[in-house]
Structures are given as C-alpha cells and as structure tokens.
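Going line by line, the protein sequences match chains A and B.
For the first sequence, our numbering begins at 2 and goes up steadily by one.
For the second sequence, our numbering begins at 2 and goes up steadily by one.
No lab work stands behind these hints, which were simulated from the structure alone.
Be a bit skeptical, because a hint or two may be false.
You can't tell identical chains apart in this list, so a pair holds if it fits in one copy or across any two.
Unchecked claim - In silico lysine to aspartate or glutamate, DMTMM-like type, Cα no more than 25 angstroms apart, as pairs: (1) Lys213 / Glu198; (2) Lys197 / Glu218; (3) Lys25 / Glu8; (4) Lys167 / Glu268; (5) Lys238 / Glu214; (6) Lys197 / Asp122.
2 protein chains.
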Amino acid sequence: MSPLSSEKHAEKHAELASRIIDGKGIARALTDQVGRDVAAFVDDGNVLPGLAVVLVGNDPASEVYVKNKAIQTHRVGMRSFMHMLPQSTSQDELLDLIAQLNVNPKIHGILVQLPLPAQIDPVVVTNAIAPHKDVDGLGEVNAGRLSLGIDGIVPCTPLGCLMLLKSVHEDMTGKHAVVIGASNLVGKPMAQLLLKENCTVTVAHIHTRNTKELAREADILVVATGKSGLVRGDWIKPGATVIDVGITRVPAENGKTRLVGDVAFDEALPIAGHITPVPGGVGPMTIACLLHNTLQAAKATHAIVGASS
Amino acid sequence: MSPLSSEKHAEKHAELASRIIDGKGIARALTDQVGRDVAAFVDDGNVLPGLAVVLVGNDPASEVYVKNKAIQTHRVGMRSFMHMLPQSTSQDELLDLIAQLNVNPKIHGILVQLPLPAQIDPVVVTNAIAPHKDVDGLGEVNAGRLSLGIDGIVPCTPLGCLMLLKSVHEDMTGKHAVVIGASNLVGKPMAQLLLKENCTVTVAHIHTRNTKELAREADILVVATGKSGLVRGDWIKPGATVIDVGITRVPAENGKTRLVGDVAFDEALPIAGHITPVPGGVGPMTIACLLHNTLQAAKATHAIVGASS
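The shape of chain A in the complex, shown without the other chains (with noise of 0.2 angstroms):
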C-alpha cells in the first residue's frame, strides 16, 4: 500500500468513525448535567430527590439492571430506595407496595422492573403509580400526555433516542421519520416524539408487508424490533440518521458472546448519515434519561408544594 492510499484508507477510517453517534459520550454527558442539578437543586434548600426501583423474583438479569440503576442513581447524588420481593409476591402486596411509595415524600420516582410474574398484571401496576411519580413514563396518564402533546414523563428509551437525534439534527420538521417496531415501550411513544418535532413519521411493524422500501425512505430510522440485524445496508437511505434500539447477545467468533444490534452495523455505517452503535449507543441513555425524568419529577413536586405553601 503506498503512503497516499494509506493517508486516504485512515481518512475515510475517520470519516465513517465520525458518523457514529456517541451515546456513551452523550449519556455519560446528561448523567453529568444532572449529577450538577441535583446539587443545586439541593443547594437551594430542597429535598434530596429519590427513586424507589421494585424488583418482583430473581430474573438474574432483572437483577443486574436494578442493581444498575441503583448505583448510577447513587452516583448523581439522589437517594436510591430498593424493594426486592420474592417471586410469589401477590398483585395486591405489589399495590400495597406502591401506594406506601405513592405517599412517601423522600420518594419522587417508582420503578416497577419489567417482566412480572405471570400473577401480576403489569398494565394494573404500572397504572398504580401516582402520574407525577411515573419516571417510565408508561402509565396510562403519562401515555395520554405524550400523545396529546401536553407536558409529561418520557419514557426513557425513546427519550434517550431523541436526544441521540437532537445531537445530530438542530431541526427534524419535515423529515420523515420511519419506526421499526410499535411497542408501547419504545416504538409508539418514539412516533409520537418525533411528530411533536414535526416529522413525517411511519411506524412499521411485525405486520408491515414492503418494511425494507419504506426503511429506505426514512431520513430517520429507528429500529426496535428485538431481530438482530434485521435492517440490513440496502434498507437504508443514503445519508440517513439510524438508531438501532435492538440488543441481543449472540455467540462470538472466538466461543465468547457479543451483544449486536436490529442494523446490520458493518454495512450500514458505510450508507448511514449517523448510526448509533450498540453496544454503546441508545442503551446507556435509558438510565441516564431515568435519572433525568426523576430529577424533573423531584422539581415538579417541589413547584407544586412551593405554589400551594
């Protein structure tokens, strides 16, 4: 290889590594903000904020995912209350539980950990707790909120994903934004994101008949289906802004496991405007945007008891 090709070969190295959104970088950034908010916001005489996170059972990596969330929540300086109940725990202990929490004025934000035994019915708990301590945002008020347009709790993941596009596009108006995936978790409150930004937005689905010719119509794509490497090079638009929610652990080359995404990575870097990675894009902002919305809830809580004392 002479100098000069290898001059260009770590040129366009660097250009395709510029196109990969940071979301590491980006997320540790907001975990930051609010790391400084939380002590001003405590500077200036107010409660601690606080997240209660309810574990149901032992599911190993439910486990790792509070455990997670309980050191980061430490780490901005917020008060973590954990409550690990035994699998057999019945739906009205959990309601029990919750309404304590609902009442409890060190508490601002309540986490119930998905999955839950097959006893509990999870739309019953998640809609158990209190609209303004809803820091997932799936609550059927928080929900309503969203799609009327009206102020609310986020859920974290699609919140995550808009930050990861406004750190890319200043304005999305017009563009059309096409969502792989309608899950109340992350695909139907991701569409309704990004028409309050003004985009055109299609969400395809398990349903969907033509997915690949309207994947390549986006200027926006979000994928969350759960497939890996479903969307593959030629499902992208030249230039396109890719965020790829998907994790999956698969077997690795070397007899080791790796965690891929629902974008086939190495082809659509190449094609992609912006792409998140994974690991390392969309999934570290789920955590960083739950202690933001608990944050915000702490403030929210805080404004009302100002206004009415």
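Chain B: place on chain A using the hints.
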C-alpha cells in the same frame, strides 16, 4: 347514444355509486342499535343513561351542534342534560360544574363543546372530566389508554371513521394507512386506531414535504385537514379506501353554499375503491358514536357498581 351504451352508462353509474360509503345509513343503523341497547339496558333494571352537554357562550354553530346532540340523545331513549353558560364564565365556574357532573349518578357522559372562550384552558377542562364519563375521549387518561392499546373511550370522529372502514374491510392487517392531519381530535387517535388494526401507519401533516406521494402509497387514506379539495384524484392509489373527515362550507354556483370535504370527490370517485361523501359520510357517524360511547360509559359504571355491591 345507442341502447347498449346507455345500458353500459347506467352500469358504470351504478358501479361508481356502489363505491360510495353510506355514512348516513351506517350512522342510522348504529343509532338504531344504540336505541335498542338502551331499552334492553333499562329493561334489565339499570339506570337510564344520561349525557350532559356543556356549552359556554353563544357561538351559533356550536349551538346547532349542541341542540342536535340533545335531540339525538332523546331519540335513543337516553336522558339529555344541557348546560348553557354565558361567554363570561370563568374557568373555575366551569370546573365547579364539571365536578358536580362527575359525581352526579344520573350522568354517565359529559361533553364540553369546543371551542371555549379565551379565558378557559381547554386542556384543563377536558382533563377535569372523570375519565369514565369522558365520552368525547379527549382527556389524557383515555388518550393514554388508546395509545397503550388498553380499553378506554375512543374519540367519536376517529371511532366513526374506523367503523366506516370496517364496513369495507373485514381485516386491515398489513394495509398501509396514511392519515393526513395530526390533530388531537382526529389525526393522532385515528393513527393509533389503525395501528391497533395492524395497519402500517403514516401520519402526514402541514410540515410534510411529499404528501401527494405518500397519499399515493395508501391502501387506506384518511384526510382531516380542513383544507377543502386538498386531495386530488391523482393523489389516490387506484382501489384505495378514502375517508374524508373535512367539512367546509363553500359558495355554490347558484348563489347558495354547499358543504365539501378535503377530497375532490368527483376526481377521486373513479379512482378510489371506496370513498365517503361529504356530507353524509363521516359527519353523521360522530354523533352516533357519541351516543354509543355514552351507553358504553353507563354500562361500564354499572359493571363497577355491580361488581362492588
């Protein structure tokens, strides 16, 4: 014209007429069904369903709507309550009235006619209606339930559109539905209903750049923009089902006025597979769905009372 071509002409005319979705007839059938269901509900020893309609000010168009709703409510055998408040009514006075209606056991549905005078925030008022009496389905709780795909009260106009679509399509799974207009009243809830029917859904609006091209991809096209004649014949995919929510009064040739939709009907009819006329399409469905929602609300209240007694 030869007898044969005259016959063909008549055939063609009949074929075109068969494409027109008879909203008036479907609304009448629904209203008749509600009437029979009300009678059966009361025969079963239940309370007479009651609908309260609140009008603030004296906008002539709103007065007509409100009186028409009262007449229809009576016609299906339900109790109608009218509350006509002066234009100067304060938000607190209106909220007081809603609080009374919320706890009045004779009232199962509450509708506040929009628009409201400038001193009153429609979001605050809409959300003050108890969710189980919010028969317009415009409050945050019902909006959230619709978004999450759980049972709730669906806004009347998009519900009516869905019923018209179901008169044509037994199953909409996999069809590409394009909704033009993204209002809280029609476009957004319509998109969620279509998603629930397993359609691929695109929402276009004032900021969309290629509305015509998107419309041409639609198997199901719902237009709710208020721009008369926006959608021309060449915007429509051959064979598509077209639902026209628009209704605008325009000058007619004879010096009078006439009502037109957002779709250029004469151009669209030969291309569409099925199309709603204006008037006589979506319009009559809205009141019929209000009566339907009020009966459902009464039944739901009864179910709760029944379960706890």
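Quiz item: Going back to the hint list, which numbers does this structure go against?
Solution: Going through the list in order, the structure violates hint 3 alone and respects the others.
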